[in-house]
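Engineer: When you get a sec, could you build the whole thing from the sequences and use the hints?
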Amino acid sequence: MSYVFYIIATLVLLRSISCARIFCDNSPLSGSCNSIIVPRFESHESQIKASMNPTHNLSMTSDHRLVQSVDGVGKVTKVDLVVAQDGSGDFSTISKAIEASKNRRTGTDRFVIFVKSGVYIENVIINSTMPNLTLIGEGIDATVITNNKNANDGYKTYNTATFQIWGSGFVAARITFENTAGPEKLQAVALLSASDLSAFFRCSFKGYQDTLCLLQHRQFYRECDIYGTVDFIFGDAIAVLQECNIYLRRPMPGQQNTITAQGRTMSSSVTGFVIHKSRVTAAAELTLANGWVRNFLGRPWRDYSRVVFVKCYLDSLIDPQGWMPYRGSSAFDKLYYVEYMNSGEGANTTGRVKWPGFHVLTSDKEAEQFSVGNFLAGDSWIPQTGIPFYSGI
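Letter by letter, the sequence shown follows residues -19 to -1, 1 to 374 in mature numbering (1 follows the signal peptide of the UniProt record, and there is no 0).
Since the hints were made in silico from the structure, they are not lab data.
Honestly, I wouldn't trust all of these hints.
Each computed SDA-like pair below joins lysine to any residue, with the alpha-carbon atoms no more than 25 angstroms apart [said to hold, decoys possible]:
| no. | residue 1 | residue 2 |
| --- | --- | --- |
| 1 | Lys59 | Thr110 |
| 2 | Lys97 | Lys335 |
| 3 | Lys258 | Asn329 |
| 4 | Lys137 | Lys292 |
| 5 | Lys335 | Thr246 |
| 6 | Lys258 | His340 |
| 7 | Lys335 | Asp296 |
Distance windows between CB atoms, simulated [stated by the list, open to error]:
| no. | residue 1 | residue 2 | range |
| --- | --- | --- | --- |
| 8 | Arg308 | Tyr139 | 18 to 24 angstroms |
| 9 | Pro301 | Tyr371 | 49 to 55 angstroms |
| 10 | Lys77 | Trp362 | 26 to 32 angstroms |
For glycine and all other residues, C-beta sits at the position ideal for the given N, C-alpha and C.
Structural biologist: Put into structure tokens, the structure is as follows:
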């Protein structure tokens, strides 16, 4: 009986090998069968079922020149440069690879840099003459870009950023951007984005005060983790954060945590932050603070500040007031703060601030203006990034 089973198993194995060989031989991309393939961005649900290893379906060979395209359609495209600290890539630092891209790219065609796992202690700047750049890492906490510049040491806030992006069309996936300065060092930015039509997928942004600067233009964040304390998502972009995890950390004694500090300056401006279908909860270090920290959804950095929390989970750590002043009361009737269909112990709005500019919406019809499709016009450009998204509310 065991002999018969052995024969059947062998025939099945040979059949599968033959089928695979036929597929490769007849594929127009047959040369890619033995190349690196970084899988396209799958749905969140399918990834949950997969291995927790961030590189579980990344097959490494000596040929590292092909990577599955971030357009999400499964085609194979050329990786322009590879960064690896172990010498197996074209460069050992991200900054050198970006500098080299100036002379290696053709016009404004998308330029793809694959960054292998490692901790890259750098300050990276992608300037405005470098559009359509893509960085793909090997996973959150596998590919890490980090530094510790901070305001307490004399740097201006924007210059503290570990990673700055000024060129349009930037895309990043599976990378951690970090500033390790700590809460006592005041403003310390992990990532600053002024990139129009930029998108981030399964990235992590770690810092304390001013972690993530959404400076300007249209930006989309999907399934990302954002850590911080004071004003740690700030700026004046048109931004949607969808299915993200927002983790509040332990601030300095006497400080309150504020997630957002949005900087809209005119009522006619189309800017604002939309937090959609995301989770707001405590990082482990804040859980150990025994409840002495007050935590708020945001405060108005500028008088016409606009922030919307839609269909999010808000943990019990959120203060019943929800929002706090920045300086004085001049913004209370000019700002536009919205909550709609949030859940969790922190989502009860009965104790919220009584400012004229605070609103609780009651229907999808009211909230639809803040969808990716409407607020970002995302249907016209996010599909080209390959990043999954919900167009509606």
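Engineer: All hints are to be evaluated individually against the structure, with a verdict given for each.
Structural biologist: Hint check:
Only pairs whose Cα atoms come within 25 angstroms are accepted, and Lys59 paired with Thr110 is accepted, the gap being roughly 22 angstroms. The straight-line distance between the Cα atoms of Lys97 and Lys335 is roughly 50 angstroms, outside the 25 angstroms bound, and the hint therefore fails. With a C-alpha separation of about 16 angstroms, the suggested pairing of Lys258 with Asn329 holds against the 25 angstroms cut-off. At roughly 36 angstroms between alpha-carbon atoms, Lys137 and Lys292 are farther apart than 25 angstroms, so this suggested pair is violated.
A threshold of 25 angstroms between alpha carbons decides the hint, and for Lys335 with Thr246 the separation of about 22 angstroms falls inside it, so the pair holds. Restraint check for Lys258 and His340: the C-alpha separation of about 18 angstroms stays at or below 25 angstroms, so the hint holds. Between Lys335 and Asp296, the direct Cα distance comes to roughly 21 angstroms. Compliance with the 25 angstroms bound is thereby established for this hinted pair. Evaluation of the 18 to 24 angstroms hint for Arg308 and Tyr139 yields a pass: the beta carbon distance comes to about 21 angstroms.
Range check, Pro301 to Tyr371: about 29 angstroms between beta-carbon atoms, so the 49 to 55 angstroms window is missed. Between Lys77 and Trp362 the CB atoms are about 30 angstroms apart, so this pair conforms to the stated range of 26 to 32 angstroms.
Hint compliance for this structure: hints 2, 4 and 9 are broken, all remaining hints hold.
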